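Next come the chains, spelled out residue by residue.
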Amino acid sequence: MKLFDLNDEMGRRQFFNKLGILLSGIAGLVLALPVIGFLISPLLRKVIRDWRDVGNLDQFNIGTTVEVSFEDASPLPWSGITAKTAAWLRRVDETNFVAFSINCTHLGCPVRWLPKADLFMCPCHGGVYYKDGQVAAGPPPKPLTRYPVRIRNNRVEIRTSPLPIT
Amino acid sequence: MKSLIKIWHWFDDRTGLSEIIKPLAGHLVPRGTTWMYVFGSATLVAFIIQVVTGIALATMYIPSTSQAYQSLRFITYQAWLGNFIRGLHYFGASAMILLVGIHMIRVFITAAYKFPREMNWISGVLLLGLTVLMGFTGQLLRWDQNALWSVVVGAEQAGRIPFIGDWISRFLLAGKVIGGATLSRFFAFHVFFIPALIFSVLGFHLYLVIRNGISEPPKQGQAVDPKSYRSWYENLIKTDGHPFWPDAAWRDVVFGVGVIAVIMFLAYVVGPPVIGKPPDPTNIQASPRPDWYLLWYFAVLALIPSAMENYVIVLFPLLAGLVLFFIPLLFNKGERHPYRRPWSMGAVIIIVLMIGTLWIAGVKAHWSPDFSAKPLSEKVIGASSGPVYEGAQVFYQRGCINCHNISGDGGHRGPDLTTVADRMTKDEMIIRILRGAGRMPAFGGILTPEELDNVVAFLKTRKSH
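One line per chain: the protein sequences are A and B, in this order. Counting from 1, position 104 in the first sequence corresponds to residue 104 in the working numbering; the numbering is continuous, with no gaps. Counting from 1, position 188 in the second sequence corresponds to residue 1188 in the working numbering; the numbering is continuous, with no gaps.
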């Protein structure tokens, strides 16, 4: 069976109509695919996770929580100041550290440590956490996110991590 | 002069421009379109200001995470008229959001969305959403500390969407962390992508205004019947209409010029928002706030119970959009006069009051701890030594004051404790402090027994007389 009768004028018109729509559709798709691929490429990029030195072991006192900052694993050359990330680092005892993301698990605002009150407080919507990162009050759904932390050769190292999306 | 006219005639003959413009400008519209009909065109005026000032700003702004902040400071403090142009862009944005809101409320009150103008309304809803997106992405381009954290908050909200939330937030951030690619992305959204969508939908919206005609002012008892409305409307404007330009359009011009004048005045006298601290992700001394038009939503996010939160963050904007989308499809006929639509008017009043109340709450932001609270004065404490005085120090140091107000000092997240001894016994206070409550941390693991005794002794002195 013939799809189009090209000897007939109506048949030819139908053919050209379909041809026009099909060709431009294919052209559009062929152009769109690489553009979409480019736009979502950050999602596909492999995340590099590095250990970052944040200081000497003896510069952290047991029982205290301090802010440390370090650089992302693979910042772009023009990242500037935004290549830096911060964490709350707590020395629990001689050999144990806990590193918390500074981002509130509610909506990501930077929580502040109130050393005398032993609490983290969030400036946005009033989330509060205990010193171990557990939720003390307010809207946060989860404890503060923890970053991997280790001690190597008397240096404290934190592993770079994605921004915690909770 | 004569030769200029000749040139125009030649040009018009070859292009046929006046053949298009004259019927458009002079198309017949119903009489009685009052000052209530100026808000759509005023929104367009604000949009044009945004396009022009936006292009001007883009000639000096650098969308790079390391340099945007400096380039914006340069525009603001050094470039000639830079501060004024930024002011125009800020107040133009504010005007656009305000006017698009008023325009929508007016169209809803007079039910101009009914047959055959359903698509006018639906394209308008799209434009409303795009306008808000422009506002949010524009605030981010300021790329100061507030903008940086707004990006994070935006990405976290997107992250609450089921299944694909994580992807969307990574897509917005252009990666797993805030970095070099993030700002370029929002710049492209704000300057190319969303404006392109606005131009297309706006063109469609205006085309529909011409095609379906301006709605006639509603009269009680005059219901819209889709079967006969079109011919009835044709007849109305033929027998009793007048040309849009200039009979009706003069009000649009007067009001539009007024809008421009107000924007210019505010840009000159008040100026643009001050650029905050640099966008340093390690500086945690930040209190991110959205611009004024989203403060009410900021309040929503703070005040909803945590259990409902995921639903509200995702479903609320979706549901609000769907409801607006379906209004003209579900209610496309019948009475248009507000007096005959009490439920609709009730809904408008309730929504306006709700947003207004949330907005005031957002300005006050009483749910945020007060980090700037100072120690209580001896006058307020009423002692300069002893347990009461020591207790007041505990109240300050242990962070009670960040959330509780006493005699005008301190936060507002928790109850005001100025007269707490009137309503709580010593034992009740101890239990509350040790165990906490829904919005209060348990201080059992934080306070020493002595501190507890002192702070309770201090609180027992907080009486009304």
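These are computed hints drawn from the structure, not numbers from a lab. There could be a bad hint or two in this list.
Stretches of chain B that chain A covers, calculated by requiring three or more beta carbons in the stretch to come under 8 Å of a beta carbon on chain A [said to hold, decoys possible]:
no., region
1, 1057-1068
2, 1225-1235
3, 1393-1399
4, 1442-1455
Computed from a prediction, not measured in an experiment: that's the story for all the values here. All C-beta atoms in this analysis are idealised placements derived from N, C-alpha and C, irrespective of residue type, glycine included.
Status of each hint after checking the structure:
| no. | hint | verdict |
| --- | --- | --- |
| 1 | 1057-1068 | holds (count 4) |
| 2 | 1225-1235 | violated (count 0) |
| 3 | 1393-1399 | holds (count 3) |
| 4 | 1442-1455 | holds (count 3) |
Hint compliance for this structure: hint 2 is the single one not met.
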